[in-house]
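Trainee: Chain by chain, the residues run as shown.
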Amino acid sequence: MLKPTDTRNPDHYHRVVDCQWGCPAHTDIPEYIRLIANGQYTESYLLNRKSNIFPGILGRTCDRPCEPVCRRVRLDGEPVAICRLKRVASDLRDDITGFLPTIPEEKNGKRIACIGAGCASLTVANDLMPLGYEVTIFEKLARPGGLMWTNIPEFRLPAKVLWEEIDYILDMGVDLRLNSSIDSLAALLEEDYDAVFIGSGAPKGKELNLPGRWDSEQIHIGIEWLESVRFGHIDSCGDRVLVIGVGNTAMDCCRTAQRLGASDVKVMARKTKPYFKASPWELEDAIEEQVEILENHSPSRFIIEDGKVVAMEFDLVTWTPGENGRLKAEVHDSKIIECDEVILAIGQDTAFPWIERDIGIDFNKWDMPIVDKTTFMTSVPGVFMGGDAAWGPENIIWGVEHGHQAAISIHAWCEGRPLTDRPPEGMNLISQKMGLHEWSYSNDYDEAERVKMRHVDLQERFKRLDIEVEEGFDIEQTLTEVERCLNCDIQTHFEADLCIECDACIDICPLDCLTITHNGPEEDLTQRLTAPLLNYPEEPLFISEDLPQTGRIMVKDEDLCIHCGLCAERCPTAAWDMRKSDLLVPYAGLEAGEMHPGMSIMNLALNGGSADGEPAGPGAALTGAGAG
Amino acid sequence: MSYIKKPRVHHPGLTRNRLGLTRRDYEGTMSTLCAGCGHDSITAAIIEAFWELEIAPHEVAKTSGIGCSGKTPTYFLKEAHGFNGVHGRMPSITTGAHAANRELVCIGVSGDGDSLSIGMGQFAHVVRRNVDMLYIIENNGVYGLTKGQFSASADVGSTAKRGQVNREHPIDSVLLSLNLGAGFVARSFSGDKEQLVPILKAGLRHRGFALIDVISPCVTFNDHRGSTKSYQYTRDNYNQLVYADFVPPAEEIAASFEAGDVRSVQMHDGSRIAFRKVPDDYDPTDRDQVYGYIRERQRAGEVATGLLYVEEAPQEGEHSDFHGLQATVDEPLSSYPFEDLCPGADTLERLQERFR
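Going down the list, the sequences are from chains A and B. Residue 62 in numbering that gives the first Met the number 0 is what sits at position 63 of the first sequence, and the numbering runs on without skipping anything. Residue 214 in numbering that gives the first Met the number 0 is what sits at position 215 of the second sequence, and the numbering runs on without skipping anything.
It should be emphasised that the hints constitute simulated quantities derived from the structure, not laboratory data. You can take every hint at face value.
Over the 12 Å line for every Cβ pair with chain A, so calculated as not near, a few chain B residues: (1) ASN16; (2) GLY19; (3) GLU58; (4) LYS70; (5) GLU78; (6) HIS86; (7) ARG128; (8) GLN148; (9) ALA151; (10) LYS160; (11) VAL277; (12) TYR290; (13) GLU315; (14) PRO336; (15) GLU338.
A few chain B residues facing chain A, derived, Cβ under 7 Å: (16) ILE3; (17) PRO6; (18) VAL8; (19) HIS10; (20) ALA43; (21) GLY190; (22) VAL218; (23) ARG234.
Below 30 Å or equal to it, Euclidean Cα-Cα: the simulated DSS-like pairs (lysine-lysine) are: (24) LYS432(A) - LYS146(B); (25) LYS205(A) - LYS327(A); (26) LYS432(A) - LYS4(B); (27) LYS432(A) - LYS5(B); (28) LYS4(B) - LYS451(A); (29) LYS579(A) - LYS4(B); (30) LYS579(A) - LYS5(B); (31) LYS5(B) - LYS451(A); (32) LYS70(B) - LYS432(A); (33) LYS364(A) - LYS276(A).
No experiment lies behind these values; they were computed from the predicted model shown. All residues carry an ideal CB built from backbone N, CA and C; glycine is no exception.
So here's chain A without its partners, still in its complex pose (with noise of 0.2 Å):
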């Protein structure tokens, strides 16, 4: 027998919003995609920066979890373009600083060391110094960001976006130390810093030691080439161009190449294309761009004459399942490809020379620092660590949920509490019942295809380094797309006592999501619903209490819900009703739900009203219709 849903443990509701389930800092996408619909810009963003606090900065360069578990994609293919959006918040906000927490003048005493202005660093700054801590970064390059600057390009993050969210940061009054590399670890604890927060981020590119490769100049490291790019010590390169690798990072240099001169510029990849690494869109983006990806060559030597790299051969591999799942490669040719630069983009890894290894840090068989999943805090007591310096390299979202994690910790830590003890998640569930027939969200399903973002003219766009391809979506684009989201945070929420069984939900359900039957083995009452389930468990089921009239069970198969409403529209008793979960999430020094002092504004902003006092912005009379 499947026992009754418990509704009251966030799990169960954040489990059915698949975007924030999938988002590793659980931002509350549906809600801040509805400001969007309502044009209220500002709202959205600040909503979004409670939990992910580069809106901006993500809204163009995040490896968006929360697009390929979009129910969307499973109803018609294509997620609803969740990052996009993001970036339309952030383009059309006004000013937000008036927002952001009060720093108090007084301060707690504690003092805190950062290592590396990455994402993860940032982030615990940004969440201690409203606390009253003194935040101390220490940055080895003269410019803070991390590898938000040095290896994204500026064709798709514009230096202006970054700088802006950076400073939001800084601005709180965090001591920025640049052009401070921090050599050890041991010296830097003897100084008087109550924690010590390691984001030294996955700074080494791999090295590929193949004949010739130390004989050239013209052979380069992807993440240092681009950052010498970034800084302006490299500004052109060769007509031919080779790029080893086919992850993001290679797409981040061919692209560049092309903007740097080059004209013939390939991507050498070892396997075939569901392989790669890249995410989908930048492999799209760079095809767009005219590289060409040429697969099943593994690469063998540099072909080099008077100092200078040729050429390089290649072994032309196919690949066939081996042991234990893994793919063997077969040599059955060799290939030679001219060029005259080759950029090495296969992978990257920390690099810990300044930690002592006598100072108490475990380090695990891959010489990675042993680090708590929970705590984010290593086997010396007091020194933390987050982001990719922590696990690997891993995208700027989980960078930034590092950040928060690790906050907590550290707050917890010098307010003496047990680390272990983490802040629950709490969860508010209110009825969006407006009316008869009527709900505070867009109920209805829009069956419009996914809007495609609109590129900067081919040649246009070569002239410079600094042209942002992607031109973002514009008010037309915005509202079609915020149609497509299907509100999974409005929940069908079900209460059994009031159900008179009459079935009405169960025949309007566009989805056949709806089962009355009499309870039974889980793999008996599973192949007795309406429709078949095609993803459970990962999509789970909701099992009511008992029946009042013949003590059967409700069951919904929340996989395919398109959140419509109908049920609840139907139903004779409001036994069914939808409501909004809104899921609590807690930060350092905050319980779920709280807010620093001083922003009680923003809650007030984002129940009504726009920010600025002002009725809610220019797209909100267009959303009329659309958004209800």
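For chain A, the structure is supplied; the task is to place chain B on it using the hints.
Mentor: Showing chain B alone in chain A's frame:
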């Protein structure tokens, strides 16, 4: 009533019948009845039955009279022929349609008011004529459309929403149609599709008049304590007397039934009705016995449901259906050219001359 239409998007696992249609293709427009109305569940069961029987919607004529029931044909088979007629006159309209085109699958949807009050005479005569149709009475015991007065099927002692007690004796459409000679008589409940769908299928395949009286609670005016047509009362007093399965021509009767349990009634198109779990002393083909049995269960306070009586009409003779009784031609009259059906004034003149 809903302001949005039911979205067209559907479950990817939705199956198609041999006509290539999904269940969703048998839907009509959105219901404007009260939320929770039993009629909507019957509509869903009708959709299911037509889809399972693989009947092409354009081969169907759906008819109704006035009342909440009269609205329901709009909500299924949007591509079928339809006629929403005058109060209580659905039987005449259906008789006309079927007379003109005997190949139409006719389904008439009526209510207790439409059939047992204003349309009582029409109802009685369509049974007598044995028109080959499925006649559904959506029976809720009240006039819902005029705000809940007792209808002719309200039980003695049952109360209206504001407490008035009904003193007049009810007309029971099941007993009445047994009396009038109907060859297919069933009672079911909108809240039990497992029972209702097979009965609807059998009724659609039955040759001759088929009556299904479906208890269909009125959530707005007759779902309170004191009502004998509420969801709660019907479930508390439900007696599924007869379990009937509809077995299409090509299929074997499922072996899972105990051999002794199954009594099979052959239908004209080769399909069968398989009865199981029938009481030992119950014969669903013995009209007098069935009548007595239902009366007995009623006295015990039970709502006896199931396919209670069935007798397939022969093609010809005194028990045959409407077209057999009228000895019409095999082809639909509508397929004949107008000149053949109406030979003209000269022929009429000659005919009349013979009687002068």
